[in-house]
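J.: So the protein lines, in turn, are chains A and B. Letter by letter, the first sequence follows residues 1 to 114 in my numbering. Letter by letter, the second sequence follows residues 1001 to 1108 in my numbering.
Simulated from the structure, these hints should not be mistaken for lab results. A virtual CB, placed ideally from N, CA and C, is assigned to each residue, including glycine. Accuracy of the hints is not assured; some may be wrong.
What the hints assert, rightly or not - From the structure, some residues in chain B lie toward chain A, with a derived Cβ separation under 7 Å: (1) Glu-1041; (2) Gly-1042; (3) Pro-1043; (4) Leu-1045; (5) Phe-1098; (6) Lys-1100; (7) Gly-1101.
Said to hold, decoys possible - List of simulated lysine to aspartate or glutamate pairs, DMTMM-like, C-alpha gap at most 25 Å: (8) A:Lys-17 - A:Glu-62; (9) A:Lys-57 - A:Glu-1; (10) B:Lys-1051 - A:Glu-30; (11) A:Lys-69 - A:Glu-102; (12) A:Lys-69 - B:Asp-1094; (13) A:Lys-57 - B:Asp-1094; (14) A:Lys-65 - A:Glu-1; (15) A:Lys-17 - A:Asp-38; (16) B:Lys-1051 - A:Asp-101; (17) A:Lys-18 - A:Glu-53; (18) A:Lys-69 - A:Glu-30; (19) B:Lys-1051 - A:Glu-102; (20) B:Lys-1070 - A:Glu-62; (21) A:Lys-18 - A:Asp-38; (22) A:Lys-69 - A:Glu-53; (23) A:Lys-57 - A:Glu-102; (24) A:Lys-69 - A:Asp-38; (25) A:Lys-65 - B:Glu-1054; (26) B:Lys-1070 - A:Asp-59; (27) B:Lys-1070 - A:Glu-102; (28) A:Lys-57 - A:Glu-30; (29) A:Lys-65 - A:Glu-30; (30) A:Lys-57 - A:Asp-38; (31) A:Lys-71 - A:Asp-59; (32) B:Lys-1070 - B:Glu-1041; (33) A:Lys-71 - B:Asp-1094; (34) A:Lys-69 - A:Asp-56; (35) A:Lys-65 - B:Glu-1041; (36) A:Lys-18 - A:Asp-101; (37) A:Lys-71 - A:Glu-1; (38) A:Lys-71 - B:Glu-1041; (39) B:Lys-1070 - B:Glu-1054.
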Amino acid sequence: EAQVTQNPRYLITVTGKKLTVTCSQNMNHEYMSWYRQDPGLGLRQIYYSMNVEVTDKGDVPEGYKVSRKEKRNFPLILESPSPNQTSLYFCASSLWASGRDEQFFGPGTRLTVL
Amino acid sequence: GQQLNQSPQSMFIQEGEDVSMNCTSSSIFNTWLWYKQEPGEGPVLLIALYKAGELTSNGRLTAQFGITRKDSFLNISASIPSDVGIYFCAGQYDGLTFGKGTHLIIQP
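Just chain A, same shape as in the assembly:
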């Protein structure tokens, strides 16, 4: 089944404790992206990647890192999480970065930083 998977689905952590949220897609997509969703703010892009070893900042990249060592994986890293990073995070992928094809979203990761 074609899908985007994220792990973990739920995470509660404390300020300053490094964490990684994994994202994997099995559709051989070139483009992958991370979003955060907050009430009243909709979906905001954190980072995106057009291909292996190519990553770029989205609208809200501060406090996040990403890597794209393999086509299928695009982990989101929070080196020193803070409470304002409490949010619902979505990974998405699409065949190309043109936007003329569908972006498939993962099921989301709900992160709480205490």
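Start from chain A and add chain B according to the hints.
T.: Showing chain B alone in chain A's frame:
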């Protein structure tokens, strides 16, 4: 970055009613997309629009790409309970920009 104004923020309607929501921007877009998000899940694409003036239907859903390339609307006809969710517009130009969503609540 580019901004999208999506309205209304929420809608409380009776089952069977038609629904209309729209997105506007001061920027132009090459593609307009409409997504639906259900609780506990990621957004799922409903309709994609690629050309100014394009009108596209998907069952009871109809969406149009505004002629100025700065707006789009989504209509849902004869709403049913499973239409409940958050609907997002998204415009693509240099990356994808999302609206803040329209919460649709249906009263039986």
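J.: If a hint holds in the structure, say so; if it doesn't, say that too.
T.: How the hints compare with the structure:
1. A hinted interface residue such as Glu-1041 of chain B counts as satisfied when its beta carbon comes closer than 7 Å to some beta carbon of chain A; here the least separation is about 6 Å, so the hint holds.
2. Below 7 Å, beta-carbon pairs count as interface contacts, and Gly-1042 of chain B has one with chain A at about 3 Å; its hint therefore holds.
3. With its C-beta approaching chain A no nearer than about 5 Å, Pro-1043 of chain B sits inside the 7 Å limit, and its interface hint holds.
4. At its closest, the beta carbon of Leu-1045 of chain B sits 5 Å from a beta carbon of chain A; the interface hint therefore holds under the 7 Å criterion.
5. The restraint placing Phe-1098 of chain B at the interface with chain A holds, with a minimum CB-CB distance near 4 Å, inside the 7 Å limit.
6. Nearest Cβ of chain A to the Cβ of Lys-1100 of chain B: about 4 Å, under the 7 Å cut. The hint holds.
7. The closest approach between the C-beta of Gly-1101 of chain B and any C-beta of chain A is roughly 5 Å, which is under the 7 Å cut-off, so the hint is satisfied.
8. A distance of roughly 16 Å separates the Cα atoms of Lys-17 of chain A and Glu-62 of chain A; the hinted pair therefore holds under the 25 Å criterion.
9. For the given pair, Lys-57 of chain A sits about 30 Å from Glu-1 of chain A by alpha-carbon distance, which is inconsistent with the 25 Å threshold.
10. Pair hint Lys-1051 of chain B plus Glu-30 of chain A holds up; C-alpha atoms about 24 Å apart against a cutoff of 25 Å.
11. For the proposed pair Lys-69 of chain A and Glu-102 of chain A, the alpha carbon gap of about 23 Å is at most 25 Å, so the pair holds.
12. In summary, the hint linking Lys-69 of chain A to Asp-1094 of chain B is supported, as the alpha carbons are separated by about 24 Å, within the 25 Å threshold.
13. A hinted pair counts as satisfied when its Cα atoms are at most 25 Å apart, and Lys-57 of chain A with Asp-1094 of chain B qualifies at roughly 12 Å.
14. Simply put, Lys-65 of chain A and Glu-1 of chain A have alpha-carbon atoms about 29 Å apart, too far for the 25 Å limit, and the pair is violated.
15. For the proposed pair Lys-17 of chain A and Asp-38 of chain A, the alpha carbon gap of about 22 Å is at most 25 Å, so the pair holds.
16. Straight-line distance between C-alpha atoms of Lys-1051 of chain B and Asp-101 of chain A comes to about 14 Å, which keeps the hinted pair within the 25 Å bound.
17. With a C-alpha separation of about 22 Å, the suggested pairing of Lys-18 of chain A with Glu-53 of chain A holds against the 25 Å cut-off.
18. Restraint check for Lys-69 of chain A and Glu-30 of chain A: the C-alpha separation of about 12 Å stays at or below 25 Å, so the hint holds.
19. Restraint check for Lys-1051 of chain B and Glu-102 of chain A: satisfied, since their Cα atoms lie roughly 16 Å apart, inside the 25 Å limit.
20. The hinted pair formed by Lys-1070 of chain B and Glu-62 of chain A fails the criterion: a straight-line CA distance of about 29 Å is larger than 25 Å.
21. Annotation: proposed proximity of Lys-18 of chain A to Asp-38 of chain A holds, straight-line Cα distance about 21 Å (limit 25 Å).
22. Note on Lys-69 of chain A and Glu-53 of chain A: the hinted pairing holds, with a Cα-Cα distance of about 6 Å set against a maximum of 25 Å.
23. The straight-line distance between the Cα atoms of Lys-57 of chain A and Glu-102 of chain A is roughly 21 Å, inside the 25 Å bound, and the hint therefore holds.
24. Taking the CA atoms of Lys-69 of chain A and Asp-38 of chain A, the gap is near 29 Å; set against the 25 Å cutoff, the hint is violated.
25. Simply put, Lys-65 of chain A and Glu-1054 of chain B have alpha-carbon atoms about 38 Å apart, too far for the 25 Å limit, and the pair is violated.
26. A C-alpha spacing of about 20 Å is found between Lys-1070 of chain B and Asp-59 of chain A, which places the hinted pair at or below 25 Å, so the restraint holds.
27. A threshold of 25 Å between alpha carbons decides the hint, and for Lys-1070 of chain B with Glu-102 of chain A the separation of about 20 Å falls inside it, so the pair holds.
28. Proximity of Lys-57 of chain A to Glu-30 of chain A is assessed by CA-CA distance (about 16 Å); at most 25 Å being required, the pair is judged to hold.
29. Of the pairs offered as hints, the one joining Lys-65 of chain A and Glu-30 of chain A holds, with about 19 Å between alpha carbons and a cut-off of 25 Å not exceeded.
30. Under the criterion of a C-alpha separation no larger than 25 Å, the hint pairing Lys-57 of chain A with Asp-38 of chain A is consistent with the structure, at around 19 Å.
31. Proximity of Lys-71 of chain A to Asp-59 of chain A is assessed by CA-CA distance (about 23 Å); at most 25 Å being required, the pair is judged to hold.
32. With a C-alpha separation of about 29 Å, the suggested pairing of Lys-1070 of chain B with Glu-1041 of chain B is violated against the 25 Å cut-off.
33. About 22 Å separates the Cα atoms of Lys-71 of chain A and Asp-1094 of chain B, which keeps this hinted pair within 25 Å; it holds.
34. Only pairs whose Cα atoms come within 25 Å are accepted, and Lys-69 of chain A paired with Asp-56 of chain A is accepted, the gap being roughly 14 Å.
35. Distance check on the hinted pair: Lys-65 of chain A and Glu-1041 of chain B sit about 24 Å apart at the alpha-carbon level, within 25 Å; holds.
36. At roughly 34 Å between alpha-carbon atoms, Lys-18 of chain A and Asp-101 of chain A are farther apart than 25 Å, so this suggested pair is violated.
37. Taking the CA atoms of Lys-71 of chain A and Glu-1 of chain A, the gap is about 18 Å. The hint holds against a cut of 25 Å.
38. At most 25 Å may separate the alpha-carbon atoms for a hinted pair to count; Lys-71 of chain A and Glu-1041 of chain B meet this at roughly 24 Å.
39. Restraint check for Lys-1070 of chain B and Glu-1054 of chain B: the C-alpha separation of about 13 Å stays at or below 25 Å, so the hint holds.
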